[in-house]
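Chemist: Assemble chain B onto chain A, guided by the hints.
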Amino acid sequence: MTSPSDPGAFFRDMLGQWEKMANSFGNDAMKREEFARGMQGATAASLQMQAAFKDTMEKALAAANLPTRSDVEALAARVDAMEATLARIEAALGAQAPAKKDKPTRGRKSPAG
Amino acid sequence: MTDTLTSPFAAAQAEFERMLARQVKGFDYFTSPAPAVGCTPKDVLVERGTMRLNHYRPLVDDVYRVPVLLVMATTNRGFIFDMVPGQSLVEYLLRAGFDVFMLEWAPPRPHERALTLESYVLDFLPAAVERIAEETGEPDVSVIGYCFGGVLSLLWAALEGDGVLANLATFTTPVDFHAMDLFQAWSDRRFFDVDRLVDTLGNVPGEMLYSAFYMLRPAAQTAQNIRLYDNLWNDEFVKSVRMFERWNNDTLPLAGEYFRQTTKALMWDNRLAAGTLDVGGRRVDLSRIAAPFLHLAAEHDHIVPRAASAPLIDMVGSQDKREIVLKGGHVSLVAGPNAVKRMWPALARWLAERSQ
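Line by line, the protein sequences are chains A and B.
Under this note's numbering, the first residue of the first sequence is numbered 1, with each subsequent residue one higher.
Under this note's numbering, the first residue of the second sequence is numbered 1, with each subsequent residue one higher.
Isolated chain A, as found in the complex (with noise of 0.2 Å):
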């Protein structure tokens, strides 16, 4: 809280009210149709271009004999399902050997009784 003294508390309250006004100029703006159409507009228009360039990218690397994001995708999934597969073995043998710490007890009473 600030004293009626303190000299930055008018500049405070003032930044605190133009952020309430700012914010809610910018929602009622950004709530209207046309804001909504221009946003997504550009949002198509980067994506046409992404998928374009993508095309082009993988074209050229099939042609380099490279392998394309696609490629090394689908390694990742297979390391990504290898190591699934390990950490069950892992899981499987954790159960077998005997318990690492003491666990607490699970008799707890609620103070409230």
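Keep in mind that the hints were calculated from the coordinates and are not lab data.
Where is the CB? At the ideal position from N, CA and C, for every residue including glycine.
Some clues are possibly wrong.
Calculated pairs, DSSO-like style, for lysine-lysine (alpha carbon to alpha carbon, straight line, at most 30 Å) [claimed, not checked]:
id, chain 1, residue 1, chain 2, residue 2
1, B, 321, A, 109
2, A, 20, B, 25
3, A, 54, B, 321
4, B, 341, A, 20
5, B, 341, A, 109
6, A, 103, B, 42
Facing chain B, from chain A, some residues (calculated, C-beta under 10 Å) [to be verified]:
id, residue
7, 11
8, 15
9, 18
10, 25
11, 44
12, 56
13, 67
14, 106
Modeler: The following block gives chain B in isolation, referenced to the frame of chain A:
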């Protein structure tokens, strides 16, 4: 009593000292790393693709019988529940005597673009619950979901919760997606081609989601920067800003198919509110949830407005159910100073009475 700030001379002197401190600490701000977060000791029980299940090491010798599972939203990191000692819901629950687990998410890898709502509700959540039962030897669990983590928890509870769900708590969880005005306007199906977006990008980039969250309060960042400069002399303020900034900036990408499915079923068709949502070919009926239920909502939530979460309490079938609306926003509800004072104690009391 003499209030130093009531004397103009003392006030000017205090302001001058703050100005000096701002210069010195401003340099520290740009040269020091952000505070370490998420440091409560834990064991990672499951690490499978995007899924992470953590078990936090108990801090007391005798815990409540029923373990607690925190389910994080798919858009953000779980350390919002475990910022730093003294500002950690996880630590608070551990000290209150709970055995705490957290289901959180790593950024989905490119080949995980095919993950769907079914993957989260019928695979990841049941796998976590099963692993917790294995670890604790207890047949049931209390589930606490935050934001969309709350939606996932609700869907799981309605479809798979019988016999294993002891208690369910959700924080700021939307059910009426048509009441989320701005997200509705931006995802208007006449202009938003979600198919093209997912088909082109695979997973939806975190930066795109961050921009959407940022645009909900377009002046907030500028005002925050000015407040930060004004309070550079105040170490606690700066530390808090840096922690929340780090969390905000670390928005996760979303799996493509999951994004497509939630956009169409929830944002466009509002199927959860209409009672027409199917997951894995099964109809979701929230009135089937019978376990004790608590919903915590924030009065000034700019992401999930009150109108979007208000119908939830009536939709859930539990006899023992309660909703608490607290002052604060979407994030401060779970991790701000008010959370430490109000929300955490209320949650711990509610759980303790139902966890034996």
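Chemist: With reference to the structure, classify each hint as holding or not holding.
Modeler: Against the structure, the hints:
| no. | hint | in the structure |
| --- | --- | --- |
| 1 | B:321 - A:109 | 21 Å, holds |
| 2 | A:20 - B:25 | 29 Å, holds |
| 3 | A:54 - B:321 | 52 Å, violated |
| 4 | B:341 - A:20 | 26 Å, holds |
| 5 | B:341 - A:109 | 23 Å, holds |
| 6 | A:103 - B:42 | 14 Å, holds |
| 7 | 11 | 8 Å, holds |
| 8 | 15 | 6 Å, holds |
| 9 | 18 | 7 Å, holds |
| 10 | 25 | 9 Å, holds |
| 11 | 44 | 6 Å, holds |
| 12 | 56 | 14 Å, violated |
| 13 | 67 | 13 Å, violated |
| 14 | 106 | 4 Å, holds |
Violated hints, in rising order: 3, 12 and 13; the structure is consistent with all others.
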